[in-house]
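Position chain B relative to chain A; hints supplied.
Each chain is listed here by its residues.
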Amino acid sequence: MNTSASALLPLPMTTAAPLIEVRGLKKYFGSSDRPVRAVDDVSFAIRPGETLGLVGESGSGKSTIGRTLLRLVERTEGEVLYRGDDIGKLAAGPLRRLRSKLQIIFQDPYASLNPKMRIGAILGEALATHGLAKGPGERERRIAELLETVGLRPEHASRFPHEFSGGQRQRIGVARALAVEPEFIVADEPLSALDVSIQSQVINLLADLRERLSLTMLFISHDLDVVEYLCDRVVVLYLGKVMEVAETRELFERPQHPYTRALLAASPKPDPLVPNERVALKGDIPSPVAPPSGCVFRTRCPHAIEACAGTVPPLDELSPGHFSACIRKDLIRLEPPGRSQGETAARSAEVV
Amino acid sequence: MTKTPAPRLTVRNLSTCFPTEDGLVRSVAEVSFSIQPGKTTALVGESGSGKSVTSLTLMRLLPKTANAQVSGETAFVTRDGRTVDLLGLPDREMRRLRGNELSMIFQEPMTSLNPVFTVGEQIAESVRLHKGLDRKAALAHALRMLELVEIPAAARRLHEYPHQLSGGMRQRVMIALAMACDPTLLIADEPTTALDVTIQAQILELMRKLQAETGMSILFITHNLGVVAHHADDVVVMYAGRVVERAPVRPLFASPEHPYTQGLLACLPGKAQAHGEGRPRRLFAIRGQVSSPLAPPPGCAFEPRCDKAIEGCRQAMPPLIDTRDGRQARCIRVPAAQTFARAA
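Chains as they are written, first to last, in this note's numbering: chain A, 1 to 352; chain B, 1 to 344.
The hints are simulated quantities; they were obtained by calculation from the structure and are not laboratory data.
Do not take every clue at face value.
Here's a subset of chain A near chain B, in silico, CB distances under 8 angstroms, partners left out [as the list claims (entries may be wrong)]:
| no. | residue |
| --- | --- |
| 1 | Val73 |
| 2 | His222 |
| 3 | Leu281 |
Subject to a maximum C-alpha distance of 35 angstroms in a straight line, what follows is the list of computed DSBU-like cross-link-like pairs (lysine-lysine) [said to hold, decoys possible]:
| no. | chain 1 | residue 1 | chain 2 | residue 2 |
| --- | --- | --- | --- | --- |
| 4 | A | Lys269 | A | Lys329 |
| 5 | B | Lys136 | A | Lys282 |
| 6 | A | Lys282 | A | Lys269 |
| 7 | A | Lys329 | A | Lys26 |
| 8 | A | Lys282 | B | Lys131 |
| 9 | A | Lys269 | B | Lys308 |
| 10 | B | Lys209 | B | Lys136 |
| 11 | A | Lys116 | B | Lys64 |
| 12 | A | Lys269 | B | Lys209 |
| 13 | A | Lys282 | A | Lys329 |
| 14 | B | Lys209 | B | Lys39 |
| 15 | B | Lys308 | B | Lys39 |
| 16 | A | Lys89 | A | Lys134 |
| 17 | B | Lys308 | B | Lys209 |
| 18 | B | Lys209 | A | Lys282 |
| 19 | A | Lys329 | A | Lys134 |
| 20 | A | Lys89 | A | Lys101 |
| 21 | A | Lys116 | A | Lys134 |
| 22 | A | Lys282 | B | Lys39 |
| 23 | A | Lys101 | A | Lys116 |
| 24 | A | Lys269 | B | Lys39 |
| 25 | A | Lys101 | A | Lys26 |
Since this is a predicted model, take the numbers as computed values, not measurements.
Where a beta carbon is used, it is the ideal one built from N, C-alpha and C, also for glycine.
Isolated chain B, as found in the complex:
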């Protein structure tokens, strides 16, 4: 394996718990992953798997009123080569980093844009704040950003309000806003989920182009495995707040190791086309549903739905182990990497 440069972001043992009236909810538990410079890591999981809470925790955007209890550490390499812990930074410095080095785009562009300001004003505000540009220069920069995200008639759009734009255009504005200060890490939380497929394809193409031009890293949060297959370099699969599998994208789709990942891929109707005569065979289905976070099973969180579960699965939460070729899985039925390989 060739030597890889230091990751842009390394997350180790991240946990986020919320105290609720019914007890402590562990939304994110012992999550570890890394994102290489210029690469895309996808965080995949179903609703409630903790993928959005992970990103909000990293950005320190969880509402104060949630009283989140966060633990773990991160190592983020800034543009000038400093390594900082996003979770430990003073608020002032974190604010400087957000927008400048770290940006985020959300699923619903309508609710994340301010309805009473023109899109130009909103983009200009962030560069005035972070880059200290004056009003005129900031607006000129905003225009360049709209052109960068390929919005037609950008000079006119600059003075329009979010409600005057289509969903795809709004998401382009969100990306322009996120790119305005040239971030080194973009967190994209389901950026295309609210969009139609032909518009989704445009937005993904745009993100790919911007990444190639700027060399930014992307943390792509999604539940769409089709998007993951084509737009991620590394994949982190989450289930019930924990990482259950980590692998580069091709090996993951070729030979998923964790029973949950295997089930998820087998569930997809696109993978099950029989194309014979008559109707296709039954689709694979993962039985049951995710357990309540207030009453997790004693052992592996996936055990109640797993076809491969054995007695040992009910005893304790399996650790995330190294399996082969730099991959990891949280399952006692997946063989660990050879011990001699570890010793060498």
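So that you can see chain A by itself, here it is in the shape it has in the complex:
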């Protein structure tokens, strides 16, 4: 499986060696006879400097993937390679050293900062753990620098988390991730706890830092607009499986998988003049304890046929870099970009 997986790996269309490679990743929770299949055979790669979006609804396994990548959660099967080395095989010492290269920004800026620690101590702890910025004077300079990097003031170091607003706390979360000069950051829904006006501040901050520090990012989100804005490539997940992978623009202009199309149709555009596409999906996401046979999406898919229950659809490359896991090849529409209004309407009608 793993040998063939590398040939089929959804890779970006460049020759650069990937920074992160995920091969056949599985994460099952609970008892071995009836496990919760949170992540079920997921493969993708992230090249240096790239921001990869991971989208899907609750229960799709996106956060579990993020955590498994950093070994905050141990995988059940599969490989996670960082610059070609399997992270899962590392002993405690080398893993801790590697952690300074791999960081995470959490969703809830209220729960992810210790309320009893001052901001200076929160950032200083990250530095101390990895033996960076040694010496008190040096450490204070670095903390002040970090706070300025994320748009806060050096004197904020002496305050406690409760003295900050949600947006400011998320900036502190970003500063903590940056403290150890990482190469790769998992941003796990970093915006969903924030108000719209604050959200755009943090989006700009992430975009700036990414350019300035040439960061590679895995951006986990359920907000398609943010993903379209921030990411270079997108992986669409459903019930622990990859449905579609493509460059962002390609995915949003020519979504191929019925689930991606439904997801795009369901997300309301902030413009009353853009026609509201009708609801395509019936029912709820099935339980990951007993996922449907064959294609996991078939129970809600408007295009499901009998054959969909038979086999797990492979992730096929439809055009360079564009992968979709669906056996209904007759639904594929690869028209050139720059469609007219009429074509857009035709596509919308087809989603219904």
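For chain B alone, coordinates are given in the frame of chain A:
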């Protein structure tokens, strides 16, 4: 402009203050708006803008221990054509109105349903109370309500507990509960915020269908401008407890007048897709954050974050003025309606 029927609900100068140890907090100040029969008015704003307090004040559901100081007046037209002031009604009559004429659904269906009763019992309780049905008839009515909100295998679900249902199903039960006594006004406080987008789309579609069938009015409280764009007729934008702009939905999105509304729309990544080569340009951001309600700025509440602020903005809180085409804005930089139009 064609003559519109009397609004289902008119709110005038509603204010809600809470005494706290650090001083009086004005959560809602001088809020005025109206909701037409069969239409949806959206109350939009970020956390702390006072939108939820507005709805709880109208429903008189604020906890007694909060010692809220409420002022202002409302005119609610009941099913039989009487006009009542929700804020002035005796408790007994308000209780009769709640559930019967006024219903509310909340953001988190799990915490608003009782975990120890089946969903059927919970719906039946409200119709027994308000419609005086007996146990059997009430349960039959509950079943009809579950079918109305399109819950599959409703007869089985009737005897299930909230924890056995998914988030989307629970919100459907909440809506069934709210619709059980056929309300004329439904207050929906962030009803889809906790749900996934495909489930959100289902719930919004359901609310739209029920509104078309029953002709109820909806006060839709949300921070999601995408939802507002497609599901509201009129929009009330709130900032720091005050209405800063009021307009029908299309003109509001086409030409927002208040700098806060303009900023809010410009902030949205969905509106900023460059779709050129490479990464898109920087997103517009409203600088800073909402001021503390304990230390509001002397003039306009939005002035410290506003790009268009001038000296006059710091002097006094601008009034909510009529601008054009029946719209209103609370900003001294927005031109007022022509005086001759007012005189005519």
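Mind listing which of the numbered hints don't hold for this structure, in increasing order? Hints 1, 17, 19 contradicted; others consistent.
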